[in-house]
Amino acid sequence: MNDDLLLSVRGAGKRFMQGNRLRWACRDVSFDLYPGEVLAVVGESGSGKSTLLRLLAARLACDEGSVHYDVRDEAGTAAAASAAGEAGLVDLAQLSEARLRWLARTDWGFVEQHARDGLRMNVSGGANIGERMMALGSRHYGKLRGQALSWMERVELDVDRIDDLPGTYSGGMQQRLQIARNLVTHPRLVFMDEPTTGLDVSVQARLLDLLRELVDQLQLAAVIVTHDLAVARLLAHRMLVMKDGQVVEQGLTDRVLDDPQHAYTQLLVSSVLTP
Amino acid sequence: MYVAVKGGAAAIEASWRLLADQRRGDTTLAVLSVAQIREQLPLAVDRVMSEGSLYDPELAALAIKQASGDLIEAIFLLRAYRTTLPRFGYSLPMDTARMQLSRRVSATFKDVPGGQVLGATYDYTQRLLDFALLAEGDDENAGQEPLASGQGLPVSMPRINALMAREGLMETPQPTSQTEPGDLTRDPLMFPAARPLRLQALARGDEGWLLALGYSTQRGYANSHPFAGEIRRGKVAVEIMADELGFAIDIGDIEVTECQMINQFAGNREHPPQFTQGYGLAFGGAERKSMAMALVDRSLRAGELGELVTSPAQDEEFVLSHADSLEASGFVQHLKLPHYVDFQSELELVRKLRAAHAGEQHARADDGQAIAPAPAIQKAA
Amino acid sequence: MMDDNYNFGFLDERTKKMIRRAMLKAVAIPGYQVPFGSREMPFAYGWGTGGVQVTASVIGRDDVLKVIDQGADDTTNAVNIRRFFARTTGVTTTEKTAQASIIQTRHRIPETALEEGQVIVFQVPMPEPLFRLEPRRRETITMHALAEYGLMNVKLYEDIAQLGAISRTYDYPVLVNERYLTSPSPIPKFDNPKMHMNPALQLFGAGREKRIYAIPPYTAVRSLDFEDHPFEVQRWDHACALCGAADSFLDEMIVDDEGSRLFVCSDSDYCGERRDAGYCGTQQAVHMPVNLLPLPLGEGRGEGREEGPRAEALAPTLSQKEREVIQ
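Residue numbers (the working numbering), protein chains in the order written: chain Z, 1 to 275; chain W, 1001 to 1381; chain V, 2001 to 2327.
These aren't lab readings, by the way, just hints derived from the structure by calculation.
Treat each hint with caution, since some may be false.
Heads up, simulated SDA-like pairs for lysine to any residue below, C-alpha to C-alpha not over 25 Å straight-line [stated by the list, open to error]:
hint, chain 1, residue 1, chain 2, residue 2
1, Z, Lys143, V, Pro2199
2, V, Lys2155, Z, Ser170
3, Z, Lys143, Z, Asp160
4, V, Lys2025, V, Ser2101
5, V, Lys2155, Z, Leu5
6, V, Lys2025, V, Pro2199
7, V, Lys2016, W, Arg1087
8, Z, Lys143, V, Lys2025
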């Protein structure tokens, strides 16, 4: 087993009661993720990709299979013998609520599709960015503010807006703020749910460039859910293609997009409008 | 030279005397008797008993007299008195199916076994002030034989909801755990609260609050499509288990009004649809309270029935935290207590901030250039 | 004399036991809110029922009781509560902090330092320090369990960013024993430092909200702040007009139509003791200028507004001291 495996998913599945019937929103998903790797999960709406993301981030519990993560203790060292017996990897289902919340606040990031779901709308941009540091015990206002300013610069936000409420930011700016808020604790793994959907095309392009730079500079691993193949092409090393809750194809991004094997993938790729 | 204001004790005693005068009113008029209140203002007495959580019409009437007609104050008196009473135990569950009915209506069927009994109700009166009641002395009806309510009624009048349950049309929710329900008069309400505790809180909850929330559910803030399945009023026996005897004994009758609402049906492919229910119970003839309670009971069941929680009437913590009129009245009115120490602190901060603000403005005006918004407060001692 | 129609302390012994069990748990977990079966009392909720139930559960025949509200013994609510206990227990009551074994208080901690063996009982309206940020109990219970107090820190940061200062001046949140975020009750922040390592037992009763909590003697109590915006207490420019104290919390009273103010110790016992010891204040009211600050820009400046004698009178004539404050 490779020692620096970050995330390991085996046969993960989730079912819901929908109206009359039991339905598997996603089923039998397996993959490994290493530090610094970006995985795109691609599919139409209803394909199960958002449910999968929530399983990975422990916001939902698996009904089948498991999700393992390389949990570090608070000192930053890799966890000792895990419940699964594999070096470093711990089954998320074994972790307490407190531990999961701590993970979500430190080693993970989650960028929501709608920035309003991922930000505190009633406090300023600066407060949003500083929150994680404050939760970890940081108590110097000047330093917190300084960190907020430097992160705002890093995500290309106008630093004069630091005391403004997020509601006064544009959509693209809100997404950048969300990203800064998540990255401030240097997480190793970031989950993103349709990070560019709903933004203007030019805004999307700039945001994607920013994400690509950040992933590179910070050596972030990421799982990005998107229905936009261009996002996968630009950001991801590997991708999963999902349809009706199942993974129909997975592999290196370039290979999947240039030489799709499954009929559905072929359909997806061929229907992308070429400029 | 300033002398500290003293004499709080004297002020309080003077206020008691003024209160007694206010309660007595015009001394040329006869004193209101507790018995008169009990007999002639029964619906006020019923409300005070229900929310006071104590069935004693005479004590409730006394409380109303002492409170000069302020029902929430009367409820407070009754509750405080209740605290001092020794507790013997719990009665057996009341069987409201065996009720000596004085009123029974159902909106769901044209005809129901046992028939509809209007009883004493304001429903079909015209709301015209009856100036004949202004006259002193008895009205025309006095002296006649009182109409025997409930005479000639069948012994058994099964409830609509029970009939429908027999046919499988109505859900029969069971308690989710086998432990004894908690006692709201002994233990604090914690959330999430199971239905037995919610019903306790609603039974002693403020009628106005529940009425408004129930009303909101009819106007689209969470719709449960209610029908009044059964509303009945009458006397029910209260029984306790006598340990020494080994069987239950009847210790008396109390009058209650019970409302069972029939609501939106729920079901899925595995479970065929059934109607759902909401339940309300109040002492005496408090019909409006029992109906409002049933509507709110149903809306608070949203979670267990798999419904989306979208409106205030479905929010258990919001509804139940603010349902007790004693808590609400106490806290709202406590604002009359002195708060000048805290106000002093606020004053001081506001003055400081305004001074700092003015300082910046002065500086800006003097220099003709913008100053970085570094608050002057930071340097204050 | 004690009224024999009621049990000692009004509450029955089983209820007192229930409350004491809650208090033991509270003392064992400093700052943690313990739910308890609060009873309806002869006072309205919001008027001290929690404090009264706590006092009623600890008071014994040999205790000496002091009751204050806003720092004074003779405010009507303190009088009412003191008489209630006189009637239901017959214990000796006192106005002197140093002589009391139990002090029930609303909104102040006495200026006179407390000693080992004393018990101070606080009346608490809202025991949950996070309630203004998160009203739902279900959420705050989890936050306390996981020590997730980020929400409060964010609020403090925001105050400084928007106002330049933390906006809470009373009921200022504290961290007890480095673990639980606690509401000190609506005492002015001026009193917060007294809670730290206090030799007395501090008990808190919230009747309407049905919670009890405690700070045992010699417990660390820290007011939330930032390293570069440290917690600071209020200061006055004046001393007590009656006794000259410069270190006590002062009440401000408006004494005439021109808005003259008199500043007097809030703690009536402290002030009285000082006067008995011979200290004396200025005995005079302070004249406050009608409008300490210039009018906001645009209102009454230049364009169209008559400059008459009234306008001149309103133009601030600042004293030297006031100029200093502004600069």
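We went through each hint and held it up to the structure:
1. Z:Lys143 - V:Pro2199: Between Z:Lys143 and V:Pro2199 the Cα gap is close to 36 Å, so the pair fails against 25 Å, i.e. violated.
2. V:Lys2155 - Z:Ser170: Holds - the C-alpha atoms of Z:Ser170 and V:Lys2155 are around 23 Å apart, at most 25 Å.
3. Z:Lys143 - Z:Asp160: Holds. Z:Lys143 to Z:Asp160 sits at ~17 Å (cutoff 25 Å).
4. V:Lys2025 - V:Ser2101: holds, 22 Å
5. V:Lys2155 - Z:Leu5: violated, 38 Å
6. V:Lys2025 - V:Pro2199: holds, 19 Å
7. V:Lys2016 - W:Arg1087: holds, 16 Å
8. Z:Lys143 - V:Lys2025: violated, 39 Å
The earlier numbered hints that this structure contradicts are 1, 5 and 8.
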